[in-house]
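For the record, the sequence lines run as chains U and H.
For the first sequence, this note's numbering gives the first residue as 71, with consecutive numbering after it.
For the second sequence, this note's numbering gives the first residue as 9, with consecutive numbering after it.
Take these hints with a grain of salt, some might be off.
Below are the BS3-like pairs computed for lysine-lysine, each with C-alpha atoms no more than 30 Å apart in a straight line [what the hints assert, rightly or not]:
hint : chain 1 : residue 1 : chain 2 : residue 2
1    : H       : K100      : U       : K192
2    : U       : K292      : U       : K179
3    : U       : K292      : H       : K118
4    : H       : K88       : H       : K118
5    : H       : K88       : H       : K135
6    : H       : K131      : H       : K100
7    : U       : K179      : U       : K192
8    : H       : K54       : H       : K35
9    : H       : K100      : H       : K14
10   : H       : K35       : U       : K265
11   : H       : K118      : U       : K192
12   : H       : K135      : H       : K100
13   : H       : K100      : U       : K291
14   : U       : K179      : U       : K265
15   : H       : K118      : U       : K291
16   : H       : K14       : H       : K101
17   : U       : K183      : U       : K292
18   : H       : K88       : H       : K101
Far from chain U, by Cβ distances over 10 Å, these chain H residues were calculated [claimed, not checked]:
hint : residue
19   : T40
20   : V42
21   : D43
22   : G58
23   : M72
24   : T84
25   : P85
26   : T86
27   : H89
28   : A99
29   : E102
30   : V117
31   : T124
If you anchor each label on the Cβ, the simulated ranges turn out as follows [said to hold, decoys possible]:
hint : chain 1 : residue 1 : chain 2 : residue 2 : range
32   : H       : D12       : U       : E299      : 53 to 59 Å
33   : U       : I215      : H       : P119      : 22 to 28 Å
34   : U       : I215      : H       : E134      : 31 to 37 Å
35   : H       : M72       : U       : K192      : 22 to 28 Å
36   : H       : D12       : U       : E301      : 50 to 56 Å
37   : U       : V311      : H       : N57       : 52 to 58 Å
38   : U       : Q344      : H       : A122      : 17 to 23 Å
39   : U       : F238      : H       : P119      : 21 to 27 Å
FYI, nobody ran anything at the bench for these hints, they're computed from the structure.
Quick reminder that beta carbons are idealized off the backbone N, C-alpha and C, glycines included.
So the chains spell out like this:
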Amino acid sequence: MSVSNDSSDLEALFDSIASDFQPGKPAAPPPAPVSAPPAKTGADSDDLQALFDSVAAVAATSAVVTSDVSERVPVVEDENWTQQEVVFNRIGHMARALHDTLGMLGYDKVLEKAVSALPDAKDRLAYIANLTEQAACRVLNATDIAGPLVEDVEARSRQLGETWDKVFANQLGPDEFRQLAIETRQFLRQQLPEKTAATHAQLTEIMMAQDFQDLTGQVIKKIVTLAQELESGLMGLLIEVLPEAKRTDEVTSLMNGPVVNAEGRTDIVVNQEQVDDLLDSLGF
Amino acid sequence: MAADPKTRFLVVDDFSTMRRIVRNLLKELGFTNVDEAEDGAIALQKLQNGGFEFVVTDWNMPNMDGLTLLQTIRATPTLKHLPVLMITAEAKKENIIAAAQAGASGYIVKPFTAGTLSEKLNKIFEKFGQA
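I would like the entire structure built from these sequences, with the hints used as guidance.
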């Protein structure tokens, strides 16, 4: 643990307290290394107390540390203190180790940047959800409108076609034939173009509804970058701080959502055929 | 049960878009009697009020997920005969096995096609028709 370049708040607090407890010594003693041998009960408990107080003070973001710590904190009897000191000592060491590691590796900046970007990422994701939902609604609305138009054309065509079949079967009189001719002309000149034009408009609407892809694509790229930064920061930190406590437990859950990368995985199916095969093989 | 066009469906999915798509596909297959529920809890309420003959449900939903809904349906005497078709993005083998063991009548993975839905529905109607 580097003590020489330590200009952190924690160090300053630690020093201020340490110096308060050593009135006989010069005002600016060399920083006491935290990794100093664990204090023995009695004489050294003041140092521990100071260490704990400094950590607690930082945790509470209390900027001011009064000079008379012993008055604020009741003196605990040695017996209880022995049990607690282990905990306090560990907490102190961990806080220092974490703080120093973050600082030394530059992860504090990385993490700070990433964390500050998270609210922005949430907004961006909400934006994507919003745009894709709008697009889905536009498309479904368009198909709802276009569907009946096409059905009308289909029904009317069939009806006229059947009547024309009667003409060819000599089943229609001259008046009916005349009426059919008028209706057919009207259908071809007016109804059909109107309905195909309206259908075409809905096809255009469906096409235009895809414009979200460009916008969401850009936003997604930004979020991916952020996630990568956050991941590498956290991973690096984990590897530095907890080399032996790596957790490789796989998260087991039945609600994982869509599989985004099926490559190399054998625990999933990639199409309906595989679902059916699996169920068949199990006798369902 | 034959493939009666009047068969009353309950489509359960937390995304309205998906409910709409399933509803439209069912309509194209001739089934127009369709109601919707946005999660398992609401679905169960509607089912208990009666009148439904077929359940199409998603898996991952708030309040009550599709598997719990399926298990509850199978454990409820008045509902346990209902065909339950799962349409879900969950594609792990253990998901499919869990659904089958819980008594799912069919399992479709998203994204799916109109053809798949039609095929599975027919298969289920056939099976339930025999029963």
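These are the hints, each one checked on the structure:
Of the pairs offered as hints, the one joining K100 (chain H) and K192 (chain U) holds, with about 28 Å between alpha carbons and a cut-off of 30 Å not exceeded. Distance restraint check for K292 (chain U) and K179 (chain U): the Cα-Cα separation of roughly 19 Å lies within the 30 Å cut-off, and the hinted pair is therefore satisfied. Simply put, K292 (chain U) and K118 (chain H) have alpha-carbon atoms about 27 Å apart, close enough for the 30 Å limit, and the pair holds. Proposed proximity of K88 (chain H) and K118 (chain H) is supported: the alpha carbons are some 25 Å apart, at most 30 Å.
Proposed proximity of K88 (chain H) and K135 (chain H) is supported: the alpha carbons are some 15 Å apart, at most 30 Å. Of the supplied pair hints, the one linking K131 (chain H) and K100 (chain H) holds, its CA atoms being roughly 23 Å apart against a limit of 30 Å. For the given pair, K179 (chain U) sits about 21 Å from K192 (chain U) by alpha-carbon distance, which is consistent with the 30 Å threshold. With a CA separation close to 21 Å, the supplied pair K54 (chain H) and K35 (chain H) stays within the 30 Å bound.
Only pairs whose Cα atoms come within 30 Å are accepted, and K100 (chain H) paired with K14 (chain H) is rejected, the gap being roughly 34 Å. Taking the CA atoms of K35 (chain H) and K265 (chain U), the gap is about 22 Å. The hint holds against a cut of 30 Å. Among the hinted pairs, K118 (chain H) with K192 (chain U) is consistent with the structure: their alpha-carbon atoms are about 26 Å apart, no more than 30 Å. Proximity of K135 (chain H) to K100 (chain H) is assessed by CA-CA distance (about 25 Å); at most 30 Å being required, the pair is judged to hold.
Simply put, K100 (chain H) and K291 (chain U) have alpha-carbon atoms about 27 Å apart, close enough for the 30 Å limit, and the pair holds. Distance check on the hinted pair: K179 (chain U) and K265 (chain U) sit about 62 Å apart at the alpha-carbon level, beyond 30 Å; violated. A distance of roughly 24 Å separates the Cα atoms of K118 (chain H) and K291 (chain U); the hinted pair therefore holds under the 30 Å criterion. With a CA separation close to 34 Å, the supplied pair K14 (chain H) and K101 (chain H) exceeds the 30 Å bound.
Between the alpha carbons of K183 (chain U) and K292 (chain U) the distance comes to roughly 14 Å, so the proposed pair stays at or under 30 Å and holds. Restraint check: the Cα-Cα separation between K88 (chain H) and K101 (chain H) comes to about 24 Å, which is no more than 30 Å; the hinted pair holds. The beta carbon of T40 (chain H) sits about 13 Å from the closest Cβ of chain U, which is more than 10 Å, so the claim that it is off the interface holds. The beta carbon of V42 (chain H) is kept farther than 10 Å from every beta carbon of chain U, the shortest such distance being approximately 14 Å.
In this structure D43 (chain H) is separated from chain U by more than 10 Å, as the shortest Cβ-Cβ distance comes to about 18 Å. At the 10 Å boundary, the C-beta of G58 (chain H) stays outside the reach of chain U, the nearest C-beta of that chain being 28 Å off. Once the 10 Å rule is applied to beta carbons, M72 (chain H) is consistent with being away from chain U; the minimum gap is 12 Å. Under the 10 Å C-beta cut-off, the non-interface status given to T84 (chain H) relative to chain U holds; the minimum distance is some 21 Å.
The claim that P85 (chain H) is not at the interface with chain U holds, since no C-beta of that chain comes within 10 Å of its own (minimum 23 Å). For T86 (chain H), the non-interface assignment is confirmed: its Cβ lies about 24 Å from the closest Cβ of chain U, beyond the 10 Å cut-off. The claim that H89 (chain H) is not at the interface with chain U holds, since no C-beta of that chain comes within 10 Å of its own (minimum 17 Å). Not every beta carbon of chain U lies more than 10 Å from that of A99 (chain H), the smallest distance being close to 5 Å; the non-interface claim is violated.
A Cβ of chain U approaches the Cβ of E102 (chain H) within 10 Å, the least distance being about 7 Å, so the stated non-interface status is violated. Distance to chain U contradicts V117 (chain H) as a non-interface residue, since its nearest Cβ pair spans about 6 Å, not more than 10 Å. Taking the minimum C-beta to C-beta distance to chain U, about 5 Å, the non-interface status of T124 (chain H) is violated against the 10 Å cut. Distance hint for D12 (chain H) and E299 (chain U): a CB-CB separation of about 57 Å, consistent with the stated range 53 to 59 Å.
Range check, I215 (chain U) to P119 (chain H): Cβ separation about 24 Å, and the 22 to 28 Å hint holds. Checked against the hint of 31 to 37 Å, the pair I215 (chain U) and E134 (chain H) passes, with Cβ atoms roughly 35 Å apart. Distance hint check for M72 (chain H) and K192 (chain U): the Cβ-Cβ separation is about 26 Å, which falls inside the suggested range of 22 to 28 Å. Range check, D12 (chain H) to E301 (chain U): about 53 Å between beta-carbon atoms, so the 50 to 56 Å window is met.
Between V311 (chain U) and N57 (chain H) the CB atoms are about 56 Å apart, so this pair conforms to the stated range of 52 to 58 Å. A beta carbon spacing of about 20 Å between Q344 (chain U) and A122 (chain H) agrees with the range 17 to 23 Å that was offered as a hint. Take F238 (chain U) and P119 (chain H): their Cβ atoms lie about 47 Å apart, and the range 21 to 27 Å is violated.
Against the hints set out earlier in the document, violations occur for numbers 9, 14, 16, 28, 29, 30, 31 and 39.
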